[in-house]
Amino acid sequence: MFRFLKLLGKNLAQGPSTDPFPAKEAHTPERFRGRVVVNPEQCVGCRICHHMCAGGAIRIEDNEEKTGYNFTVWHNTCALCGMCRHYCPTKAITLSTDWHNAHTQEDKYDWAAHYSIPYLACAGCGAHIRMLPPQLAARLYAHSPVDMTDLLKLCPSCRQLAAARREEISNDTHEQE
Amino acid sequence: MNLFSDIVVRSPWLYRINAGSCNGCDVELATTACIPRYDVERLGCRYCGSPRHADIVLITGPLTLRVRDKVLRVWQEIPEPKVTVAVGICPISGGVFRGGHSIEGPIDRYIPVDVNVPGCPPRPQSIMEGVLLAKKIWLDRLNGIAPGHKEERHVSLP
Ligand code: SF4
Ligand code: SF4
Ligand code: SF4
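Keeping their order, the protein sequence lines are chains A and B. Take the first sequence: its letter number 39 is residue 38 in numbering that gives the first Met the number 0, and every next letter is one higher. Take the second sequence: its letter number 2 is residue 1 in numbering that gives the first Met the number 0, and every next letter is one higher.
Keep in mind that the hints are not guaranteed to be accurate.
[As the list claims (entries may be wrong)] Taking CB as the label site, the calculated pair distances span:
#1 P21/A x H100/B: 37 to 43 Å
#2 F3/A x I34/B: 15 to 21 Å
#3 F3/B x E24/A: 30 to 36 Å
#4 N10/A x P111/B: 39 to 45 Å
#5 R41/B x T96/A: 19 to 25 Å
[Unchecked claim] In silico DSSO-like pairs for lysine-lysine, Cα to Cα no more than 27 Å straight-line:
#6 K9/A x K23/A
#7 K90/A x K65/A
#8 K107/A x K135/B
#9 K107/A x K69/B
#10 K152/A x K90/A
#11 K23/A x K135/B
#12 K152/A x K65/A
[As the list claims (entries may be wrong)] Derived list of chain B stretches under chain A, where covered just means 3 residues or more per stretch with a C-beta under 8 Å from a C-beta of chain A:
#13 83–92
#14 128–140
Keep in mind the hints are simulated off the structure, nothing from the lab. Since this is a predicted model, take the numbers as computed values, not measurements. Idealized CB from N, CA, C, for every residue including glycine.
Required output: the full structure, derived from the provided sequences and hints.
Next up, the structure:
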């Protein structure tokens, strides 16, 4: 019967257990999966995220002039599952801790993030490419003596050609020896 | 009496409709009501058991074919001016179920939605933000500031 006294004492000592939100900002854990954000610098346009997306929230389409692609994430169908982040090879797409998502119906189709990401021209043939982000390239070429800075500006076919030429030169030098 | 009703802000009653949800969002809705940590009653709202007492209706789930007619009938029983909140990505866009053979949603194909709270499920604080937004719209409608668009809200039962 006097349990409430115990509760009262506990409440007086510890303060209420109610989260003061919305009067105060709510606590958000560091690893909270909130709205998806993309770093356009890092994205190579591989479309793995689009392929993996559980909610079909990601759309990647070439722009009209074909000079780049438009990357759209519609938050209103994103399940916040984090599969895109898990599979993105360059860690370009990630989930922020922003969960302030309530919006009125007028904003329904604007509740999206749009990115416009330009293609670069291959230094060899001019084809449209996205350059590997330096961090990823550094990992790929970590044990290779080849200077990667110029290689990164090439499309895959031109890189192949460059590799073949390198082989040729090294074979020649071996033969000369 | 006027002074009294001017000072006192009216309290909306909440009502929940499960339109074929996976229960994830319903658990979060129950959390806002039953767990003292969130406690939606602080905002002057409380859940009620009958659609006829409700002011703000929270809909979860992608509107499956099986529950469609029942959902529409219950929704129509809620008196105007009501505010409809879509909770979770399911009612908003179909979410992970979009394109499924038994999915009739998104819910705004049938019901005029006022507030969307995306998430799968949204966290309780996010739902509370949605309820606050809905409460504001509801008070505006009561005071005649925001259009209730009662006439446009005609829903035809199939
Ligand atoms: S978190 Fe999941 S649903 Fe959202 S964009 Fe990434 S893969 Fe798609
Ligand atoms: S965000 Fe990542 S997974 Fe998606 S296209 Fe860009 S690099 Fe590929
Ligand atoms: S939005 Fe996600 S958690 Fe909510 S009912 Fe749909 S699938 Fe379940």
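Structure-based check of all given hints:
1. P21/A x H100/B: 37 to 43 Å: holds, 40 Å
2. F3/A x I34/B: 15 to 21 Å: Since the Cβ atoms of F3/A and I34/B sit about 19 Å apart, the hinted range of 15 to 21 Å holds.
3. F3/B x E24/A: 30 to 36 Å: holds, 34 Å
4. N10/A x P111/B: 39 to 45 Å: Hint holds: Cβ distance 43 Å, inside 39 to 45 Å.
5. R41/B x T96/A: 19 to 25 Å: Holds - the Cβ-Cβ distance for R41/B and T96/A, about 24 Å, lies within 19 to 25 Å.
6. K9/A x K23/A: holds, 23 Å
7. K90/A x K65/A: Answer holds: K90/A to K65/A is near 24 Å, not above 27 Å.
8. K107/A x K135/B: holds, 18 Å
9. K107/A x K69/B: holds, 25 Å
10. K152/A x K90/A: holds, 20 Å
11. K23/A x K135/B: The given pair, whose Cα atoms are some 19 Å apart, holds under the 27 Å limit.
12. K152/A x K65/A: Satisfied, since the Cα-Cα distance of roughly 19 Å is no more than 27 Å.
13. 83–92: holds (count 3)
14. 128–140: holds (count 5)
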